[in-house]
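Count the sequence shown with this note's numbering and you get residues 143 to 498, in order.
Simulated from the structure, these hints should not be mistaken for laboratory data. These numbers come from a predicted model, not from an experiment. Please note that the accuracy of each hint is not assured.
[Stated by the list, open to error] Here are the simulated EDC-like cross-link-like pairs (lysine to aspartate or glutamate), alpha carbons at most 20 Å apart as the crow flies:
1. Lys390 / Glu466
2. Lys340 / Asp321
3. Lys390 / Glu242
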Amino acid sequence: MGEPFAAPNVAPSGGWCNGPQSAGGKPLRRYLKGACVRRLAIVHGGAAFPQRWRPLARGNGLGSTLDREPACLNMAPQPRLVRTLPALRRAVARFHAANETIALVPTMGALHAGHLALVRLARRRARRTIVSIFVNPAQFAPSEDFLSYPRDLDADRVALAATGVDLLWVPSAETMYPDGFALQIVPGGPASVGLEDKFRPHFFAGVATVVTKLFLQCQPDIAIFGEKDYQQLKVVTALARDLDLPVKVVGAPIMRERDGLAMSSRNAYLSAAERKQAALLHGVLADCAHKIVRAVAPAAAAEGRAALARAGFVVDYFEARHAETLQAIESRKEGPIRLLAAVRLGTTRLIDNVAA
């Protein structure tokens with residue numbers, strides 16, 4: 143985690159400091175108000191990433207957190223961490239006894255600003271907010287990145303500290319899938335339209351099973367899912383409807399980097415050159431969405447596939463679909479259109495979508 147260093151002399155209002163120096167002799171220049179932690183981290187876009195501290199420029203949207211807590215700062219409390227079902231049930235029962243609405247934000251951790259936007263939406267929609275973190279093995283194929291998927295619970299807790307989350311539900315694999323577990327929910331409808339399901343045929347059964355368990359465990363009134371995983375959003379919406387689960391599934395807009403790349407935990411896999419190239423995906427999607435105004439949807443999608451292939455992407459799919467059913471669609475006369483894409487860049491798989 144790097145050498146320790148002394149906490150700077152800072153005023154409670156935040157800002158610059160020219161106090162003690164780091165072990166490397168450089169002044170400690172910047173801190174993030176209300177988010178200091180006991181271990182070294184860098185906070186970017188609302189998510190914390192452990193690494194050596196470095197000086198940060200004023201006004202760039204970044205802030206450092208320090209490995210020693212200055213007494214002059216008011217610490218934002220971290221959400222209560224719950225790991226067992228009995229503790230979760232007691233907490234949820236208290237919320238219900240007080241007639242408090244609950245919003246659930248299911249995640250796999252490695253939180254970034256996109257996840258925190260989901261949390262903010264949840265806070266606006268319900269009195270109590272639960273965030274779950276569970277890297278679900280049932281939705282990974284043996285050849286996929288389950289073991290290497292980024293995990294940092296300490297950083298995730300720091301990222302959530304200022305959001306007002308009430309409960310952080312972090313079950314183990316043994317809690318979610320105990321010995322003898324033998325049930326799987328296999329969805330149809332939007333889960334079998336030749337998009338993600340064509341390339342990851344195991345995926346939606348894993349998603350549907352774990353989401354159903356999370357809904358039953360947390361008993362939310364509202365569940366927030368990002369639109370980046372658009373097909374997943376439609377599958378979960380149909381799941382809640384078809385099983386008569388008393389949960390309203392709410393989609394949240396995609397959060398993007400400044401160059402248009404959809405925020406994703408897997409973006410961390412990209413090399414510097416790949417990261418620069420990855421922004422082209424959103425550009426091609428946006429260009430094709432504009433072309434659909436004056437062209438048939440399949441033709442515009444074909445142009446998009448060709449453009450991405452020329453740019454060095456391996457295209458799994460680039461499709462124009464009905465925005466609700468995800469069935470193939472010819473033009474806007476047949477209904478709202480969503481352009482959906484999945485591509486590979488090096489070893490990283492990226493997905494994105496736009497309304498057309």
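Violating hint indices (sorted, rising) | 2
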